[in-house]
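Fit chain B to the given chain A structure using the hints.
Chains as they are written, first to last, in this note's numbering: chain A, 456 to 745; chain B, 96 to 539.
Just so you know, these hints were derived from the structure itself, not from any lab.
Where a beta carbon is used, it is the ideal one built from N, C-alpha and C, also for glycine.
One thing to keep in mind: the hints can contain errors.
[Claimed, not checked] To spell it out: a stretch of chain A is covered by chain B in this simulated footprint if at least three of its residues, at any positions, have a beta carbon under 8 Å from a beta carbon of chain B; those stretches are:
{"hint": "1", "segment": "489 to 503"}
{"hint": "2", "segment": "577 to 585"}
{"hint": "3", "segment": "606 to 618"}
{"hint": "4", "segment": "694 to 700"}
{"hint": "5", "segment": "711 to 718"}
Here's the letter readout for the chains.
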Amino acid sequence: MKIPKVTLFLFLLPSLALIFIFGLYPVVYNVFLSLKDVNLITYIRGTSKDVGSLNYRAILGDSLFWRALYNTIVFTLLSIVLQMVVGFLLALLFYYEFPLKGFLQALVMVPWVMPIMVSGSFFRWFLNDNGFLNNLLATFGWITEPVRWITLERVVIYSLTAVNVWLGIPFNFILLYTGMQQIPEELYESADIDGAAGWQKVLYIALPMLKPVLVATFVLGCILTFKVFDLVWIVTRGGPGGASHLLSTLSYSLAFDRFQFGKSAAVLVLMQIIVILFVGFSTRIRLEER
Amino acid sequence: MRRTFAVGLLVAVLLLVVGVGAFAEVTLTFQSYSNPNEQVAQFIQNVLIPELKKAHPEVDVKYVYIPFAEYMSTILQQAVSNTLPDLVYLDNPWVPQLIEAGVFQKITDNVMRDLGKDFWMDFFPGHRLLTSKDEEIYALQVHTNNLAIFYREGFLKQAGIGEPPKTWDEFQDAAKKIKESLGIYGLMFYAGADEAGTWQFEPFLWSNGGSLLELDQPEAIEALEFVTGLVKNGYAPRDVVGLKDQGDVTIWFMNGQAAMMINGNWEFGWHLLPDVLQKLGDVKVAPFPVPEAGMRSAVLPFGGECVGVTTSDSEKAKYAWELIRIWFAERLDEYYEKWTGHIPTLASYAAKIAEKRPEFEIFIKQAAYTLPRPPMGGMDKYPDVSNELALALQKALTEAQTPEAAFKEAASNIRNLFTPEAYEENKATARKILEEVLARTKAQ
Numbered sequence: 456m457k458i459p460k461v462t463l464f465l466f467l468l469p470s471l472a473l474i475f476i477f478g479l480y481p482v483v484y485n486v487f488l489s490l491k492d493v494n495l496i497t498y499i500r501g502t503s504k505d506v507g508s509l510n511y512r513a514i515l516g517d518s519l520f521w522r523a524l525y526n527t528i529v530f531t532l533l534s535i536v537l538q539m540v541v542g543f544l545l546a547l548l549f550y551y552e553f554p555l556k557g558f559l560q561a562l563v564m565v566p567w568v569m570p571i572m573v574s575g576s577f578f579r580w581f582l583n584d585n586g587f588l589n590n591l592l593a594t595f596g597w598i599t600e601p602v603r604w605i606t607l608e609r610v611v612i613y614s615l616t617a618v619n620v621w622l623g624i625p626f627n628f629i630l631l632y633t634g635m636q637q638i639p640e641e642l643y644e645s646a647d648i649d650g651a652a653g654w655q656k657v658l659y660i661a662l663p664m665l666k667p668v669l670v671a672t673f674v675l676g677c678i679l680t681f682k683v684f685d686l687v688w689i690v691t692r693g694g695p696g697g698a699s700h701l702l703s704t705l706s707y708s709l710a711f712d713r714f715q716f717g718k719s720a721a722v723l724v725l726m727q728i729i730v731i732l733f734v735g736f737s738t739r740i741r742l743e744e745r
Numbered sequence: 096m097r098r099t100f101a102v103g104l105l106v107a108v109l110l111l112v113v114g115v116g117a118f119a120e121v122t123l124t125f126q127s128y129s130n131p132n133e134q135v136a137q138f139i140q141n142v143l144i145p146e147l148k149k150a151h152p153e154v155d156v157k158y159v160y161i162p163f164a165e166y167m168s169t170i171l172q173q174a175v176s177n178t179l180p181d182l183v184y185l186d187n188p189w190v191p192q193l194i195e196a197g198v199f200q201k202i203t204d205n206v207m208r209d210l211g212k213d214f215w216m217d218f219f220p221g222h223r224l225l226t227s228k229d230e231e232i233y234a235l236q237v238h239t240n241n242l243a244i245f246y247r248e249g250f251l252k253q254a255g256i257g258e259p260p261k262t263w264d265e266f267q268d269a270a271k272k273i274k275e276s277l278g279i280y281g282l283m284f285y286a287g288a289d290e291a292g293t294w295q296f297e298p299f300l301w302s303n304g305g306s307l308l309e310l311d312q313p314e315a316i317e318a319l320e321f322v323t324g325l326v327k328n329g330y331a332p333r334d335v336v337g338l339k340d341q342g343d344v345t346i347w348f349m350n351g352q353a354a355m356m357i358n359g360n361w362e363f364g365w366h367l368l369p370d371v372l373q374k375l376g377d378v379k380v381a382p383f384p385v386p387e388a389g390m391r392s393a394v395l396p397f398g399g400e401c402v403g404v405t406t407s408d409s410e411k412a413k414y415a416w417e418l419i420r421i422w423f424a425e426r427l428d429e430y431y432e433k434w435t436g437h438i439p440t441l442a443s444y445a446a447k448i449a450e451k452r453p454e455f456e457i458f459i460k461q462a463a464y465t466l467p468r469p470p471m472g473g474m475d476k477y478p479d480v481s482n483e484l485a486l487a488l489q490k491a492l493t494e495a496q497t498p499e500a501a502f503k504e505a506a507s508n509i510r511n512l513f514t515p516e517a518y519e520e521n522k523a524t525a526r527k528i529l530e531e532v533l534a535r536t537k538a539q
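Isolated chain A, as found in the complex (with noise of 0.2 Å):
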């Protein structure tokens, strides 16, 4: 029987209504919100004039747009490598067999169940000039002087990310997880008659194997952690100084304390075209692997 060509649109009209609703119409009026010169009073009053490019330029020339950028860069791949990293060693671990494995794995888990309010306040306690750590580490007489994990410019958003790859563990160590039961055994015993060592089994089999899903979880992580934003507001507000600012926070940050919402949406246009960007060149990586 072959259905109407009317029919199938029917079909799919409410899904393409939620697209364009939630996920279009958004977009591009943000793009509109960043070519006017909107603050709270001109965006309540609806009279906010068109002002070109003038938010990009501005943006452009300031300074803490470059770092937060950069930050962004930083914090997102380092992340994601870390992230894969432990996520993967991991799984490799817990596809043995040994006494209390369950526990073990539950308390991987843990970073994931925690909300990240508690987490962020925890972490921003722990890290502080007097914090658990510091203090920690001055109890075995390693320091004498409190590292400045979150005090110095130019080592929060290190020791930020470091947080973001304990929160993001669970999330690697599933995926991979998940992906390594599916391996047929039998390969394994044939390397096993043929010899290989361990690791000659994790680099020739497991790794191999495990491609289409590391490239599914690192495409996956990417864009995931280049929107955090919560961690980094509970934890530094994007400070001291602005310098562990995300594009996220930024774009809050002048949105909400500073009510610059042409600004801040020209943050979000410029944060939509790297995603677009980075989501292109990945399918095309993918297509071509193919």
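Same frame as chain A, but now just chain B:
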């Protein structure tokens, strides 16, 4: 049987709906960020609303709580989607922008008719300046607050400090002695990258003759150098830049990690409740230190909340105003005496309350030397200006920049927020307000 029961139930439900409707013809929404368990919210819910309902049984008032962090974004959404509540309670620095945006209804006639001109003129000038525009009144400030030094007398004595510090030099000296002899921090304050960070620095800036719109001038840089020095020398922890809010400052203070703290009178209604004060046993308050001996008071920003009518429905606006009228005309004594950790915004009440609540005496005295924040920082540009200052403060405190470099950069960023004419005009306004109050602090 079952059918009769169903019909009976339906009738009962209908009667209930109609009945409730008959008792409350008008439902007002009172929006606030005061948590329903806090004193102010309790007062609104348990005193004001029942009082209004007693006189007007046809009215019901719903108290809606929105957390502080989401408050402005919520009002913004409500304003653009025409879903504003009928009354709002909000932080004073936001008021000028919201008046400008047309969120508040004019209440000039109501104030003049029901409270009178003398009552309006009894508000301290700063509160009038902030809640009115072009001779029209848009909101009323219900209470205010400011900053002072809270100290633990026992720690000061142990460090050999007889009197709490009065000047900046004594302040630094006291903090130093505490750090050196007791091993705890002399001082704790808040320097987060937000409005509260700016607010805690403004007393240093303004008392020294510095202006938010002239941060590259020596008076401003000197103030920043002083505050930076406290942290650089270890008298205050560098963690001041990473606290959650000013409540965190009190946590350090209560834990005995710091002997003095900069904080506001609201703490008496928040963390420093009577049982806590009794347990600590030696918490005292001293006026905010001044740059040089002989000044009567530091020049401080004032805080506190305002209330205004936001509904454009004239029927609802009538009742909304009635609620405000009851607050100001009938229940103000009770409010200040019992229900708030804040101090009066009206001169005649200030004198009365200072006697009844001795813990507020210093704050009430300082209130005469407090300034509204927005007019000091370019009015509707104030949030921008404040944010630039908070960022610069953090850069200096963490030694990412020298105080001079940090403030020079901030000053240039701030200047770029305005057109040259607007900048000069706003700078002159701020300077004029500041000079007037500075002259009073130095008058004999």
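Kindly indicate which numbered hints from before are broken by the structure, ordering the numbers from low to high. none
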